[in-house]
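S.K.: One letter stands for each residue in the lines below.
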Amino acid sequence: MGKFLLLAFRNVFRNRRRTVMTLMMVGGGVAGLLMVGGFFAFMMRGLRESTIRNGLGHIQIFTAEHFRRDEVHVLDTGISNWRQVAASVQSTEHVRGVAPRIEFYGMLSNGVKSSVFMGSAVDPQAERDMGFSPRLSSGRDLASNSNGEVEALIGSGVARSMSVKVGDGLTILAVTADGALNGIDVQIVGIVNSGFKDLDDRYLRISLPSAQRLLQSDRVTNLVVGLDSTENTDRVVTVVGPHLQGLSQRMELRKWIDLAAYYKQVRTLFSGIFLFLGIIVFFMVLMASVNTLLMAMMERTREIGTMLAMGTPRLWIVALFMVEATLIGVLGAAVGVAAGNLLGVLLNASGLHIPPPPGTTVDMSFRVLYMPSLMIGSAVMVIVSLALASILPALRASRLQIVEALAHV
Amino acid sequence: MNPINSLVQIEDVTRKFPLDHNAVTALDRVSLCVRPGEFLAIAGPSGSGKSTLLNLIGCIDKPTFGRVLIDGIDTASLGPARTTQLRREKIGFVFQTFNLIPVFTARENVEYPLLVQGLGSAERRKRVDAALESVGLSARANHRPDLLSGGERQRVAVARAIVHRPALVLADEPTANLDTNNATQLIDLMRDLNRSLGLTFIFSTHDQRLLEHTPRIVRLTDGQVVSDSCSQEISHGQVFASCVS
Numbered sequence: 414m415g416k417f418l419l420l421a422f423r424n425v426f427r428n429r430r431r432t433v434m435t436l437m438m439v440g441g442g443v444a445g446l447l448m449v450g451g452f453f454a455f456m457m458r459g460l461r462e463s464t465i466r467n468g469l470g471h472i473q474i475f476t477a478e479h480f481r482r483d484e485v486h487v488l489d490t491g492i493s494n495w496r497q498v499a500a501s502v503q504s505t506e507h508v509r510g511v512a513p514r515i516e517f518y519g520m521l522s523n524g525v526k527s528s529v530f531m532g533s534a535v536d537p538q539a540e541r542d543m544g545f546s547p548r549l550s551s552g553r554d555l556a557s558n559s560n561g562e563v564e565a566l567i568g569s570g571v572a573r574s575m576s577v578k579v580g581d582g583l584t585i586l587a588v589t590a591d592g593a594l595n596g597i598d599v600q601i602v603g604i605v606n607s608g609f610k611d612l613d614d615r616y617l618r619i620s621l622p623s624a625q626r627l628l629q630s631d632r633v634t635n636l637v638v639g640l641d642s643t644e645n646t647d648r649v650v651t652v653v654g655p656h657l658q659g660l661s662q663r664m665e666l667r668k669w670i671d672l673a674a675y676y677k678q679v680r681t682l683f684s685g686i687f688l689f690l691g692i693i694v695f696f697m698v699l700m701a702s703v704n705t706l707l708m709a710m711m712e713r714t715r716e717i718g719t720m721l722a723m724g725t726p727r728l729w730i731v732a733l734f735m736v737e738a739t740l741i742g743v744l745g746a747a748v749g750v751a752a753g754n755l756l757g758v759l760l761n762a763s764g765l766h767i768p769p770p771p772g773t774t775v776d777m778s779f780r781v782l783y784m785p786s787l788m789i790g791s792a793v794m795v796i797v798s799l800a801l802a803s804i805l806p807a808l809r810a811s812r813l814q815i816v817e818a819l820a821h822v
Numbered sequence: 150m151n152p153i154n155s156l157v158q159i160e161d162v163t164r165k166f167p168l169d170h171n172a173v174t175a176l177d178r179v180s181l182c183v184r185p186g187e188f189l190a191i192a193g194p195s196g197s198g199k200s201t202l203l204n205l206i207g208c209i210d211k212p213t214f215g216r217v218l219i220d221g222i223d224t225a226s227l228g229p230a231r232t233t234q235l236r237r238e239k240i241g242f243v244f245q246t247f248n249l250i251p252v253f254t255a256r257e258n259v260e261y262p263l264l265v266q267g268l269g270s271a272e273r274r275k276r277v278d279a280a281l282e283s284v285g286l287s288a289r290a291n292h293r294p295d296l297l298s299g300g301e302r303q304r305v306a307v308a309r310a311i312v313h314r315p316a317l318v319l320a321d322e323p324t325a326n327l328d329t330n331n332a333t334q335l336i337d338l339m340r341d342l343n344r345s346l347g348l349t350f351i352f353s354t355h356d357q358r359l360l361e362h363t364p365r366i367v368r369l370t371d372g373q374v375v376s377d378s379c380s381q382e383i384s385h386g387q388v389f390a391s392c393v394s
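Chains as they are written, first to last, in my numbering: chain S, 414 to 822; chain L, 150 to 394.
Derived from the structure by calculation, the hints contain no laboratory data. Built from N, CA and C at the ideal position, the CB exists for glycine as well. Be aware that a few hints might be false.
Stated by the list, open to error - Just the calculated beta-carbon pair ranges, DEER-fashion:
| id | chain 1 | residue 1 | chain 2 | residue 2 | range |
| --- | --- | --- | --- | --- | --- |
| 1 | L | Q234 | S | L707 | 27 to 35 angstroms |
| 2 | S | R812 | L | A172 | 38 to 46 angstroms |
| 3 | L | S298 | S | L805 | 17 to 25 angstroms |
| 4 | L | S376 | S | K416 | 40 to 48 angstroms |
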């Protein structure tokens, strides 16, 4: 067996130039997949974390009623005893903080022009404690305790549309929990640029007490839970779930992935693109390898004939070619992983940026993540590809007529 | 010759090859008996059927008509696996162009038939050493074929052919690619092995230098045996040999 493997190994390096070309092709495929996959992973991780830190949080707690029916009045499916729920969750391991939120809608006006907004009322300190800070293009975040003034953050699109800037005032109009129309004056303390144009065109954020005063309710829409790491989400959900049993309102937990529709769409798209690329690389390696291995077989026709004449079982010839191809696959995968990682290091160090993706306004840095699972997956793919590519040449070699093979020139 | 005592028995063998819409007859009703321990040359001009006859004896080809028996076994009755086993165990091959595995050293090339037979490493080492010593190449054992001269390569090929102690060694034009000196040395080597080990050698050649050292010569012309130096009668391409070794 050892000698058989030795023969296969030496045969791989018999025609060095051809082997080097094959290794470059296989390695290039692997390196390409690692680059693309690593960049996609970086983008998806960035999108995931920005989605979470832009306010989605890792876990959100709602009343079960919230998912069962639409609100008749503002906040009538909201959480009433939210302080008790928050305290219960806060004590769980890996929980960095719990922030109450009110999601509401209304109109805002500068006295001349009115516009629709999607409002979010937050506890600024609780948000900051969890590391959820809005991306400000100017001004500052909401103060924890404002002196009577109702502070507001607005999206860059809103500011442009309403022709307002930091320090200007706006009037917010919304329907209260009783169905009446209520309004408050706010002072703009910051302009937010989330990177998503649709959001920035409607964005408004005020403090929780201000919103409760506006909406005439003590309830909150949900509680947003921030964790020390996204990877702990499932673990915390498992632990927190039982803590929420037996409350006056039945609660439901939602993980960030359940709420991040945009993230899921993008991930599906990128997965599809990556799968397509993987299939292309697979077939490129397969076709090129078949050609290379057939050439190798033709060159060694007389040698195969000699081996068969000496009583070598035909299955050995099949195995020899398959082992050789697999060795090339293993070496090619190693070359590809090394090259992919080296390129990744160089690209990461280069500080390259790419233009903003569609729907966003902020350009992206070009980085490649190191993904062991992708390295293993790509390596396995090319090794399998090479092994498959060797079947045809191996079968042809094993079926050679000995007399004809020995006479081959 | 009593067929029971023969190592190789060829009975009225014809081999035809298809060519376009016709058939070329490479061997025409050839009969031959070879006893164990014989040193036999098949001589004849190019295209006379020497290699075809060796291929049939070596079980790497099958006759169109007639029978080939090796050690009493009718090769036509064997399936592919048994035929492979027969070659592996009973026959050694020496080729005109040496046909060594270029990525193996001389030692590894000689070892190869034993690997195929599945022998253990200690036994392999012992036999390979003996085979290399018998061809005088112990000192060159770790050289690859491209670092050996033509004569040395052919001696490695001979060592490879005898290492598994076959009953029969077939050599197809073994001296064709050698100069006179190396050719003579090779023939002497083969003759020595034939005498010392009792190995049966059948080789094809049209090299007169070789034939001078050969006790039995079978001459072929146009696929027919025209003379056998040990035969008493030749009639219609058949050799009724009563050759006494």
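S.K.: Next, verify each hint and record whether it holds.
M.R.: Hints, one by one, checked against the model:
For Q234 of chain L and L707 of chain S, the Cβ-Cβ distance of about 30 angstroms falls inside the hinted range of 27 to 35 angstroms, so the restraint holds. Against the hinted window of 38 to 46 angstroms, the Cβ-Cβ separation of R812 of chain S and A172 of chain L comes to about 24 angstroms, which falls outside the hint. Our hint of 17 to 25 angstroms for S298 of chain L and L805 of chain S is violated, since their Cβ atoms are close to 38 angstroms apart. At roughly 45 angstroms, the beta-carbon separation of S376 of chain L and K416 of chain S lies within the given 40 to 48 angstroms, and the hint holds.
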